[in-house]
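Q: Fit chains P, D and C to the given chain L structure using the hints.
Chains as they are written, first to last, in my numbering: chain L, 32 to 381; chain P, 32 to 381; chain D, 32 to 381; chain C, 32 to 381.
Since the hints were derived computationally from the structure, they do not count as laboratory data. Misleading hints may appear alongside valid ones.
Identical copies carry no separate label here, and so any pair may be met within one copy or between two of them.
DSSO-like, lysine-lysine: derived pairs with alpha carbons at most 27 Å apart [as the list claims (entries may be wrong)]:
(1) Lys38 with Lys375
(2) Lys150 with Lys240
(3) Lys375 with Lys36
(4) Lys36 with Lys177
Keep in mind that this is a model prediction, so the values were computed, not measured.
4 protein chains.
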Amino acid sequence: MNGEKVKVAIVGSTGYGGVELIRFLWGHPHAEIVSVISVSSAGEPLTDGFPHLSEIIVQPLDGLNPEELAAKVDVVFTATPSGVSAKLVPQLLEAGLKVIDLSGDFRLKDGSEYEAWYKHEAPAAGFLEEAVYGLAEIYGDEVKGKELVSNPGCYPTATLLGLIPALSAGWIDPASIIIDAKSGVSGAGRGMNLTNHYAEINENMKVYKVNKHQHIPEIEQTLGHIAGEPVTVTFTTHLVPMTRGIMCTMYAQLKGAYTEEDLIQLYRQYYEGRPFVRIRDNGKWPATKEVFGSNYCDIGFAADERTGRLTIVSVIDNLVKGAAGQAIQNLNLMMGWEETTGLKLTPVYP
Amino acid sequence: MNGEKVKVAIVGSTGYGGVELIRFLWGHPHAEIVSVISVSSAGEPLTDGFPHLSEIIVQPLDGLNPEELAAKVDVVFTATPSGVSAKLVPQLLEAGLKVIDLSGDFRLKDGSEYEAWYKHEAPAAGFLEEAVYGLAEIYGDEVKGKELVSNPGCYPTATLLGLIPALSAGWIDPASIIIDAKSGVSGAGRGMNLTNHYAEINENMKVYKVNKHQHIPEIEQTLGHIAGEPVTVTFTTHLVPMTRGIMCTMYAQLKGAYTEEDLIQLYRQYYEGRPFVRIRDNGKWPATKEVFGSNYCDIGFAADERTGRLTIVSVIDNLVKGAAGQAIQNLNLMMGWEETTGLKLTPVYP
Amino acid sequence: MNGEKVKVAIVGSTGYGGVELIRFLWGHPHAEIVSVISVSSAGEPLTDGFPHLSEIIVQPLDGLNPEELAAKVDVVFTATPSGVSAKLVPQLLEAGLKVIDLSGDFRLKDGSEYEAWYKHEAPAAGFLEEAVYGLAEIYGDEVKGKELVSNPGCYPTATLLGLIPALSAGWIDPASIIIDAKSGVSGAGRGMNLTNHYAEINENMKVYKVNKHQHIPEIEQTLGHIAGEPVTVTFTTHLVPMTRGIMCTMYAQLKGAYTEEDLIQLYRQYYEGRPFVRIRDNGKWPATKEVFGSNYCDIGFAADERTGRLTIVSVIDNLVKGAAGQAIQNLNLMMGWEETTGLKLTPVYP
Amino acid sequence: MNGEKVKVAIVGSTGYGGVELIRFLWGHPHAEIVSVISVSSAGEPLTDGFPHLSEIIVQPLDGLNPEELAAKVDVVFTATPSGVSAKLVPQLLEAGLKVIDLSGDFRLKDGSEYEAWYKHEAPAAGFLEEAVYGLAEIYGDEVKGKELVSNPGCYPTATLLGLIPALSAGWIDPASIIIDAKSGVSGAGRGMNLTNHYAEINENMKVYKVNKHQHIPEIEQTLGHIAGEPVTVTFTTHLVPMTRGIMCTMYAQLKGAYTEEDLIQLYRQYYEGRPFVRIRDNGKWPATKEVFGSNYCDIGFAADERTGRLTIVSVIDNLVKGAAGQAIQNLNLMMGWEETTGLKLTPVYP
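One chain only, chain L, in its complex shape:
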């Protein structure tokens, strides 16, 4: 490091993912925010839309020119919508920049799968191959030194961290997996629609996109990779009246008489040395607020003797471990820094 900070830019700074990136980068000891970019609002102050950053981000928003950007910064975070990243990221890579992409555009290895679920044209196959899927606790070792990291989705992060150790150990039947996922409202972003209207979702709970969510192929691709065979899941998403937080309650048939203690031991071994996954003690369950504002993923278990079914509960903050926090974790891994750099924040409780 010899004292010099790595220079970073954020594209798509006017969304929730963008301002969370700023929160973590502002306190990061080895990185410096050099450019905060919004194509649609270039020249305006970021604080018009986000006054909480008053006197923190004082320069106006920049426009986007990949060549000029490459002269100023080393790494770009693209917190841009699906379909936009697909076109933008190749330009940034060709300009010599490293990219951590927070959209869904580079997560699926099979472009036709992407097009079926996202309804946008897929990036060229070469880029899809090049991209590392940055689920840090699973594929973190592959991130180091890479040019393009595809940051996982929020639901897949909570789901996969909760399922992989048991699936990898062969303890659960891959054909039996049901994921009942619940998310706070910020997961849908800052765009306006009636579902996000306070009077509509406060004191309310909704279910949506049952078995149709675009995060399904990302989950199945990764589970299939771990299981060594295709995996098909049942996946339900719910909207809960809170701003942040994802809880995934997952069900699978156990392939043996494993107890909660067995599972705790298995998971603690699997995640040893990975400080952002915390396995609850037997009989304890994680709650979303216990990871609020932080990069943790907390996990708990119940193995039911009566039915032979395993229940796994995992929680994350969708904007942190499910987006900006994991992106910073990937920056750390990419640059060879300590994984927790700039992320060593306790959850904000209560």
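A: Using the frame of chain L, we list chains P, D and C on its own:
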């Protein structure tokens, strides 16, 4: 009716179930609240604890003497805790009163099952046999003229109304049922504990009593009765940051290639003439706020071709269809009145 | 009445005021909803946007033709935006209909004042004169038999009911009035803007339109009418993270050594026979949830000896007493029915 | 610093103030948490009650022995209830420790005033004199090198930072000050009472302790000190359904024709070099969420020409600038470190 109203009393008026009973009875054309009873607060105004009833309930709270009560009223609602009803209800019946009990004490036919799950002594077997399980849309015809109705629990009501038509038709595998239930905080009552503290549960989501909730035997007893064989379910309960509302997301293996349209038709036929169950159109899902404050149970479906699994979502207001509203519905059925009397209120939205 | 119901229509049925009108009219013994009108969505089912009314409102939305409407109904509720009512209401009146208007268009007697605050062209002066300001507890006697009632705004209702008795008695200095008003989010309607976005206003509190709210002239007009001299107020509006409810905390200099008991007595006398205003006992304060879903306005007081200042707190449900409920109350008064007809609902608590 | 960290202990670690202190100290570069103390729960893991600190605070809770503590640490934060600190703090000081006290016990210079408002015995007068009132932006220069800092209350912090510049400049009439304060629920602490019950305060707004809050003498003492004459305020406190955040809307009569621009300039000059106070631009108002989780106090203004009244709005996070954050700020000032050390966190938004 010849113009005279049936006289009713409420025991346990200082809980949420009690004040909801008052809400519905105050506007009921054939019933009159004659006594509002609280053993612990007798002599005090109800409005000390519930000022929203100022100038509505003006008499002080009464104490409880079954004989005297029998001289004044015809029907008693017991919104008393588990263990209390077990002792109180027989006294009321013996005094010649009709009783609608909102506790769990008379729901299980097998007293030892009750004792295992509730940790209280069970009522005498005769009373357990006498009690009708007042799940109105299923067993409503048996309620008419009965002396003792055991009002179903909130989770069982949402669960059973969602599962019974498909189970009864033999369309789902009884061994495959998983119930992922979510409830607002009022379900835990007005008693204080840290879980109910606003700062702890606001902007939070918790999971609790996984496979251990005392409503499980009530669900399994009824499903077993419908299926004609013992049924064991996986049952998870979650606490969601809202005051009212239950959503049950239920999963089961389909025994044939049934489509959503088939299910909608099956359920609409099953519930024909039952105005409080509403089956959503294909592709639409119910939300808890769409039944807020009302006696409706709304249901939606997804049948997944890929996995052969059925997803059923049912919602109720836990304090209405899950407690006081269904109790009034049972009063109506018991007395031979129109099922909707005093309950014809639209949901309060937004 | 001779058994026949008065036929009513609602224009602007796709807003929150509209569906609240439906809630109260559905249970109203003397009124029948004959037409539910939305110019923009004519022909579509109302339940597309408001599924909570499934199986309750089954006919599709009607378009609007004043002549045809006059052939079918007796009274029209116009829950239309400011500027729209100004043009529509005269047409309805000319077609022979009675109108209860929920917009701000007919509240100000001085058209130029209207234009200054609302930025729309005012209705013709004749209509402004004809309109009765339907603050039911104050001007209710003038409503009977009228053709056009202008239903008060939500903030003015809470403010005026809280201030008028003390002002009318000459107990407070009209020049000293400060109104610190707080509202739930539904007051801003169903239209989308960033302020209503759940993630923005949940766990947040905002202040807006300080001394600039369009309800100010309506408050000052009425206070001036009561005081017999012009009154200028300081008026601050806040947005609170809840769906329903307005609380107005009001400050004024006392003109004598009046105690809380004096005030309670004054107010109870003033509102005698007016069942929807409830004055709290000494030392008790009203909370917004204690009127949730109901037509009540609850009021409490503190008289501070140290400063000679009076603090008045009044609460209403902005969509009920502040909109649809008071409109039904005005229908009752207009038709000569009991004031509480169809409104005798306890607050929904908790 | 020569590399060695200052050793600190927290007494009263099982409240919200305590865990917020841990949040800031865990990331503080010059301080190290050596002991986490709870008299009532000594020996138990802190994470039993606060699982969000799993794998962060792993040692069990310590008991309290001032002599032994003095051998281990340099500075103690006492986040103990009023009445407890009064007795404890003198013992800690006598053992040679520096103390930052978060209770109200050392804020009032006049012990009899303390006893009148707090209903506890006051600490000895010598300790009251010795204590510096740590309102950092106003009295920060006096904190350096002191042994005992009395950390201000949450309401006083928001109130005083909002009023002092205008009062100090003689622009407002001290006799005219009205403070309409609103707070999130965490301000009442973790103790259970019905007011904190989620079902009671969600979707609700309450007013309490009107002109009777124990923070009033602290506000009046400081305003009197600034004004050079006794100041009496009208002070209303409200409970708002959110976890964190205080908004004070304050009213005062202007003594001249000052504009919003004048006020902005005055305040920005007054707080120059004080990074935690942010003055909003003309026409912009702060919202509580814009300081959530951070140590900022944001302020906005409206000067009303019609009434000559000034409206000031100030917001803080009650647990941060109103408690733990300001305590850390006082630690920094006490030790001669940069004021922002360990506090340079952006608000958590949304």
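Q: Where does the structure disagree with the numbered hints, that is, which hint numbers, in rising order?
A: Structure breaks no hint.
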